[in-house]
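Please model the entire structure based on the sequences and the hints provided.
If you read the sequences in order, they're chains A and B.
Quick note on numbering: the first sequence equals residues 1 to 43 in our numbering.
Quick note on numbering: the second sequence equals residues 1 to 578 in our numbering.
Incorrect hints may appear among the rest.
Stated by the list, open to error - Label-pair distances were calculated between CB atoms; the ranges are:
{"#": "1", "chain 1": "B", "residue 1": "23", "chain 2": "A", "residue 2": "33", "range": "34 to 44 angstroms"}
{"#": "2", "chain 1": "B", "residue 1": "449", "chain 2": "A", "residue 2": "2", "range": "32 to 42 angstroms"}
{"#": "3", "chain 1": "A", "residue 1": "3", "chain 2": "B", "residue 2": "521", "range": "49 to 59 angstroms"}
{"#": "4", "chain 1": "A", "residue 1": "32", "chain 2": "B", "residue 2": "521", "range": "44 to 54 angstroms"}
{"#": "5", "chain 1": "B", "residue 1": "30", "chain 2": "A", "residue 2": "29", "range": "14 to 24 angstroms"}
Said to hold, decoys possible - Taking lysine to aspartate or glutamate and the DMTMM-like style, the derived pairs with C-alpha atoms no more than 20 angstroms apart in a straight line are:
{"#": "6", "chain 1": "B", "residue 1": "420", "chain 2": "B", "residue 2": "531"}
{"#": "7", "chain 1": "B", "residue 1": "481", "chain 2": "B", "residue 2": "419"}
{"#": "8", "chain 1": "B", "residue 1": "270", "chain 2": "A", "residue 2": "31"}
{"#": "9", "chain 1": "B", "residue 1": "270", "chain 2": "A", "residue 2": "38"}
{"#": "10", "chain 1": "B", "residue 1": "367", "chain 2": "B", "residue 2": "543"}
{"#": "11", "chain 1": "B", "residue 1": "102", "chain 2": "B", "residue 2": "531"}
Hints were generated in silico from the structure; no laboratory data involved.
Virtual Cβ for every residue (Gly too), placed ideally from N, Cα, C.
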Amino acid sequence: MSTIALSTYILIWPVIVAVVLFVVGRAFYCEWAEARRDGRSLI
Amino acid sequence: MDGVETAQFGAVVVLGLLVLFYGGTFLISTRIGKRKENADGYMTAGHNIGFGISAASMTATWIWASSMYASATSGYTYGISGPIHYGLWGALMILFIYPFGKRIRAVAPKAHTLAEVMYARHGRSSQLMLAGSNLVGSLISLMSNFIAGGVLISMLSPLNFIQGVFAVAAGVLLYTLWSGFRASVLTDFVQVVAMLGAVAVLVPVIFFAAGFPAAFETGAANLTAQQGDFFSSDAFMNQGAPYIAAVLAYAIGNQTIAQRLFAVRQDLIKPTFVTATVGYGAMVIGVGMLGVLALYLGFEPTGGDVNNLIPEMAADYLPPVLLAVFFLMIVGALSSTADSDLSALSSIMMADVYGQNVAGKEKANPKTMLLVGRITMVVATAAAVAFASLQLNILDLLVFVGALWGALVFPVLASFYWDKVTNKAFTTSVIAALAVFLPVRFGWIPMDGVTGIAVDVLSVIGIGVVLGLMVFGFLGLRAAKITGVLSAAAAAPFAIGSLHEYATLSGSLVAYSVSTVICWAMSAGSGERFDFALIARRTGDFDDGDTDGTGNAGGAAAAVPRQTGDGDGEPEPAGSTK
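Shown next as structure tokens:
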């Protein structure tokens, strides 16, 4: 593999991790806000 | 336990980080703590958790410290494809179980453990087989995480291994004991945010600090041809293939997954499992890439111990602040799994041992159940600390439990779809599979001649079973049969005559095949028909203190009334009743 391909191969995983972090974090915030609005426990 | 000499923390710094981490998680758990906890909430949080928390919790639970170390070791040993052959198959364990999970929740929407459902489906022997394997598996996992904590703390600070084990065990017990599973999933969210955030930052920082991408050229000579090949057969045969065989076994045998399956809102099972698959895979493969970088750099871990690889890479290339972040990432990984193990152990003791076998479903006292759960956590922590302190070799035990789970896969899954599976078929097939597995795995009998060929034939059938079951979850019976037959036929020419030489792989495959063949043979001729609707009536909430177990009277779960009996007037499940 070329240097560029290897670099992409190594660094793509932290990028995917960051995307998952964003998705999970946003969902959590929405659930937290909804629970707060409804006056109930998050869990 | 050779220490890292380059960047150790002082004892005060490490203790400060531990207090910060466990103090923070404890404070978070107090936000949801209630003076009177609900027994069902303690086990499954009311069966109504949202996507954000459940996906985070599933991801955090499946990532343990050992998975990061092992992925990096795979990268260091097998080269550029190594982390894929570790992380991808581990991630698929989550993905492949979700179609079955949807079916399991459909027939048992208010259950707490898989073993509890087996009790409702078959009876006591099937339940206790599954519960027993879950207990042993969770205890081993708990012990492994304590060991990882002790090693890490002793490596990066003046504290010794035993002190590290005690610190981690006390910290995890502190925030999990009172609210159980509810505390576990909420703190999992915080822990997974810390872990994912750390990986997103640390891997690129180490990449550039270590001189990449230029080091790909200067260090290329450090790789063998196989290590530099993305399609390395070495990596597949030694790392990937045994994992593929274990994909379904670990997902079925692990109560931490089942517990989250029963906790998440039913319509969110698919997005939860898919997100956790991607999150786990990307994180573990990402950390594993540190092993690949180490290989290019010609990095030699202290004492040749590959478990030192990640901590030493971090210590060499990270500034102190980011090294502290790395420390918290590992502590977060092992703690999130350890608290899940404690919750799993307590729910099995509460629902399967006390609820179903000691008191009985109708007479179980929710207060006593909670007490059983909390005592279980304390005893399990003490036992895991004791075993961790002895630094026992757990490999053989892990292999045995893994095989037990492999033997259970077909009987458990078939019991959710096929109304002809009987308790006798379930029990007999699992015991027979174990009886064949043991001599194959541990080489108790010579594998020359006919015996070796017989093991190879069973292994080939096992390949068909594993791949057939994977396809069955997504595409149904017809596609599964075609896949099973074709894959077995394709593997036969290569496998027969040689597969018995790979004891780990063939042992696992014969466990699958023997249990499947016997369970199928004994059930196919059975005249019994099980009514799956009975499972929902035989499983359900133990505690009606709150409607949904979370203090939210009138919550979504209230739409499903608490079931207090079978509806058929029979307190005990029968093997077949319709």
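Q | Verdict for residue 32/A, residue 521/B (Cβ pair) under range 44 to 54 angstroms | A | 52 angstroms Cβ-Cβ, so the 44 to 54 angstroms window holds.
Q) Regarding residue 30/B and residue 29/A, is the given constraint of 14 to 24 angstroms on their beta-carbon distance met? A) holds (21 angstroms)
Q.
Does residue 531/B sit within 20 angstroms of residue 102/B, going by the straight-line distance between their CA atoms?
A. Between residue 102/B and residue 531/B the Cα gap is close to 18 angstroms, so the pair holds against 20 angstroms.
Q: Measure nothing beyond the straight line between the CA atoms of residue 270/B and residue 31/A; if it is 20 angstroms or shorter, mark the hint as holding.
A: holds (18 angstroms)
Q. Is it true that residue 3/A and residue 521/B lie within 49 to 59 angstroms of each other by Cβ?
A. About 57 angstroms separates the Cβ atoms of residue 3/A and residue 521/B, which means 49 to 59 angstroms holds.
Q: Starting from residue 481/B, check that the Cα of residue 419/B is at most 20 angstroms away, please.
A: Holds, at about 18 angstroms.
Q) So does residue 449/B sit 32 to 42 angstroms from residue 2/A, Cβ to Cβ? A) Between residue 449/B and residue 2/A, where Cβ atoms are some 50 angstroms apart, the hint is violated.
Q: Decide if the proposed pair is consistent with the structure: residue 367/B and residue 543/B, CA atoms, cutoff 20 angstroms inclusive.
A: Judged against 20 angstroms, a Cα distance of about 9 angstroms means the pair holds.
Q) Does the Cβ-Cβ separation between residue 23/B and residue 33/A fall within 34 to 44 angstroms? A) Taking Cβ atoms as reference, residue 23/B and residue 33/A lie about 26 angstroms apart, which means the hint is violated.
Q. Given the hinted pair residue 270/B and residue 38/A, is their alpha-carbon gap at most 20 angstroms?
A. violated (26 angstroms)
Q | Pair hint outcome, residue 420/B versus residue 531/B [Cα-Cα no greater than 20 angstroms] | A | holds (10 angstroms)
When each numbered hint is compared with the structure, violations occur for hints 1, 2, 9.
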